[in-house]
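Colleague: The task is simple: from the sequences and hints, build the whole structure.
Sequence order for the protein chains is A and B.
Position in the first sequence counted from 1, then plus 27, gives you the numbering used here.
Position in the second sequence counted from 1, then plus 232, gives you the numbering used here.
Be aware that a few hints might be false.
[Said to hold, decoys possible] So, partial list: chain B residues that the calculated Cβ filter (under 8 angstroms) puts toward chain A:
hint : residue
1    : Gly430
2    : Ser431
3    : Ala432
4    : Ser458
5    : Arg496
6    : Gly516
7    : Ala520
8    : Leu536
9    : Asp541
10   : Asp547
[Stated by the list, open to error] Covered stretches of chain A, as calculated for chain B (at least 3 residues, CB under 8 angstroms):
hint : segment
11   : 93-101
12   : 156-170
13   : 252-262
Hints are computed from structural coordinates only; laboratory data are not their basis.
Where is the CB? At the ideal position from N, CA and C, for every residue including glycine.
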Amino acid sequence: MPTPLELVHRWSHTYSILATCAFPHKKLLFAGTQDSKILVFDITTYNLIKVLHLGQSTEINTRSSVLCLDRSKDEKFLFSAGADSLVRIWAIGDVTKDSDVAVEVDELATVYSVTDIGDIFSLTYIDSLQTLVFGCQNASLLYLDNVFRRLDEIRKSQECNISRLPHKRYDKFFDSNGPTGSASPPPGSDESSLAMVSMDEEMSSTPSAILEIPAENIVNYAHNGFIYSICELDTQFRDIFQQECADCKERPSQTCQYIISGGGDGVCKIWAFDATAKGDVGMYFCKEMECEDSVLSMDIEFPFLYCGLSDGIVKIMDLGTNQRVSTLSTKQKSDIICLSVYNDYVFAVNEEGITLFHKGQSEVINTNQGRMLSSGIFERIGLNGKVYPNLLTGGNDGSLTLWNIACSACGKDYNLAEIKAASVEPDLVQHVDTEQMLNTLKELISYETVSHVTSGSDYGLASRRCATYLQKLFSKLGASQARLLPVSDSHNPVVFAKFTGNSQNKKKHNILWYGHYDVIPPGDRERWNTDPFKMICENGYMKGRGISDNKGPLVGAIHTIGTLHQQNKLENDVVFLVEGSEEIGSPGFGDVCTRYKDIIGEKIDWILLSNSTWVDSVHPCLTYGLRGVINARVRVSSDVPDSHSGVSGGILQEPTLDLIKIISELQDTSGTINIPNFYSNLKDIDHEEYERFKQVSKVADLKRNSSTEELIKNWTKPSLSITTLSTSGPGNITVIPKVATIGLSIRLVPGQSVDEVKENLIAFLQDRFKTLSSKNHLDIEILNVAEPWLSDPKNIGYEILKEELTKAWDTEPLFVREGGSVPCIRTLERTFDAPAIQIPCGQSTDNGHLYNENMRIKNLSNMAEILYNAANRL
Amino acid sequence: MCRFLIFKGKEPIRLSHLLTRPAHSIINQSFDSRLRLDTRRPMNGDGFGVAYYPTDAELDSDGPCLFKAITPAWNNQNLETLAEKTKSPLVFAHVRASTYGVLSETNCHPFTYHSLCFMHNGGIAGFARIKRRLLAHIGDTYLNFVQGSTDSEFAFALFLDTLEKLGEDPARASGGFSHATLRRALVQTIGYIRDWTGSAVGENSGSGETSPAEPSLLNFAVTDGSTVVVSRYITSKHDEAASLHFSCGSRFVEASPGEYRMERLDRNQDVIMVASEPLTFERGDWTAVPTNSVLTIKRQTILLHPIVDEYYQQDPLYLRSPTLVENKGFMGSVPVAKSVERNVPPLQRDGRLRQL
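Modeller: See below:
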């Protein structure tokens, strides 16, 4: 049996996850924790969007651990209960997506019992009767019927809620009779100070209503052990039971509901809930089934009841005939903490992990979550209306994981119309399916597409496979053309694809998206927390080499255009040029552009790319300028081999010294670069740009270059850096090297011509070298160059994107320039005679080129949303 | 006011974690006047006893190790060192304030009989009036087994006799009685005492004894080394029984010196404690055993059964009066954690009445 579980996402928390509840239509997940919190996750972006604290205390407390969660079918209410013996009712508002995915959560009411019920282990809500049923540590079963009617009554009554709340908690220590036989007033907590405390609390939070369980709704000794589990039986069971109940004294009506409770006493009991004509709900015992061992968990799939017992036993009962059908047993004999069943696939969780039973076979799946404490299956609704069964598991290491159950196990489709009717606000619907993008990225990351200066390595094969994969992807998404353009010297091919727009009315524009599929080598894999070439999704982020630079943004663009095309909404033509050697300076890319210009497009209107990140982790950016670069290697060598400083020192003219002398003349003591005409065409930035930079330095959380002046230097002034320094020989302190080499990286800004600076640099160094009258030889090698790029941030393209970014992120983007360079950007602009726009996708914390490269999923989905809306406007 | 404590764990625990170290340990309860409720007898100074079942299979037969002394528990050097160096997965501990019988080691709880171990918190009202009846009821073996003079020990003898009459051999060295049998025997024992004391009301004992109209407090605990059965019972429909709480969790950990808490990571009951008075300062960790019920620890699972008789209260919200047990010093106090949540509804455990 192939494992049908595929990890979708993993979140981490510092305390155990004890309960989970999914709201598939609202696309939310709720997780109850040991430290008295309910975490709310959004499963479109996988972000933690809210944390609900139980109780007043702000410090960490484990007194109110959340042991069980349930929801109303309409997803308007969440019910939580746990170690504090209280059930809380939360109103879950509609999900909004103004800026961030957000949801209003209000604590509506607290339900309590004056009896000492201990922990509440199980909870279920019967929608049709508005009845909350919960099972407790003291073996009692409690229910509260007509919950919302009761709440309304409380609200209507003139009595103020606040006065009903017993602020003054009886204190056994202070309030007890002391040795003198009389209660002493608690020191330091007299009336006035208590009043103060409660005043403060009222200020800080609206007190919710409290509802007490009436005596007649408490069934003491419903079991003779802790009531670990309660399941609601769906209406299919009603028909079966009503046959049996024909001669029952409390003959239930056609609208009655059944639940089943499982206890530590090894018994499962079925109870009926029935409303009287007046609407009051009564609870009646129907029948019970013996399981011998403690029933720790249950699940139901008509007509079977699955019971998870101690010692790794799962018993399957036929509820129609009250017969035990089958007994399953896990390898490891520990308690079945939780149990979920989906289409005959049984997921039993115990200490060892998940044991999956299906058709007589079993398999153990280790999820690396310590000990798992909670699990649940829900049907996730995809954009296409299909449902994807997902498994959610929580562990004692604080991890919460979401799994896809493979489609062989799902085999069920939702009715699309039904989904539409149930779905939430239309503006919430994503246009581009994040799940599809994640699936594509999972594949794309797995190709180890490291680009090498020398071609033909193993990595080269991976790159070519990746290029082919992209080509196929383009075809699948409906590209009218998708082909690989060969690059000279056997460098990795450029993937070209074209989507044809359907615009009839207006003049179609032609947009070119530039991206690259190659990546920087992962470096020391030990320093990665995850496998760099296996995409892992954690805490709302994707992780893997190339996810931010540049595979993530690339996939965002491909899927967006593909989706528009498939929806027949793409108006403009869009071409993609995806190269495979960007990280080594795009060799041959310019040639390809020129050579295949007729295929790519004679006239391009906009060039788009996303090859950098925001300046911090919160502010979306648009980049309109990049510095250029000249990377050069300067080398001085001697005809004499490496020699000993004791033997030859003082006799030789040493290459290292020559090199240092000439290099030292490149810059004077004040930092001015001495290359002739270096500064001659430079202009100071204008006032408008200064204000723009000032804004950036004011709002952005910049780690480095935080002042406006530093930004100006970094983004608009040229620089010269010595980046490498090496010598020949063994590196011994007494050896005079034959060769000394220095690496130079010169960043250029608009006004400076790459060719001129290059020539002047070479001439300057050669001239300085001449003055040394050295017998040594000087070599200057220009490794790669890029022209500086500066666009007009006020052109129509930037205006459109600014609007779309503002819509998606609910904040205006910062207009930034960058100190770095993208070699191809000017090549493209010149070749296709079109302005380029750079839209950074990820955050500054993405770690591009570093260890643990990552990108937030929300950035990807918002990028797709921005492009979706902008593609037809450009 | 006696106090008892039962520990049952999946893993053995060092006795000092139960007996000596916790600020509110049973030993400290025996002298800590801070939480004193009993104004008549301020100290549980009339000796103590600890019974623990060894982990070593070779030793684990024919009952637990038993250590009793008549010195006050807080003043016993041997207890201090033994507790520090002994581990066991099943411990019965008892500190005594004599209500009946003289101060002697034979009168200290727990009592053992082969694999079985027994202790009592409370008292049989008017025991003198039913003593003859009890002696006549039980077999010679158990009559001769009684060494001391307390009502509690006679109750144990009655339990053993009842167990035998249920067809078991109480002398079986390996123990291993079923939980149902042990529970039946204990409930039956309580039944005899209830019926006998009930019918003794009005009879003249001529000894100036406690009025038999006063209820008997029958918190019994018995174990055979694997199953534990504990009762919380009173022969009254209106008064509360002597306090009894239980707590279960994953681990019993020392959060700061002397301050322990029950670590509850999940629903597992790897550690189960039953005590007259909570040992930790987290009131949420402890749940009261309902009055007139039996708690059973079957392996690491807690079962709760009601004792349904004329003293059973059907109404779950009926508030029994704590006055009697408070006066007699059988009401344990709940130690309070440093931070207490104030905005939560009341619990009966906290003794708060509903004043809405």
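Colleague: Which hints from the list above does the structure break, by number from lowest to highest?
Modeller: 1, 2, 3, 4, 9, 11
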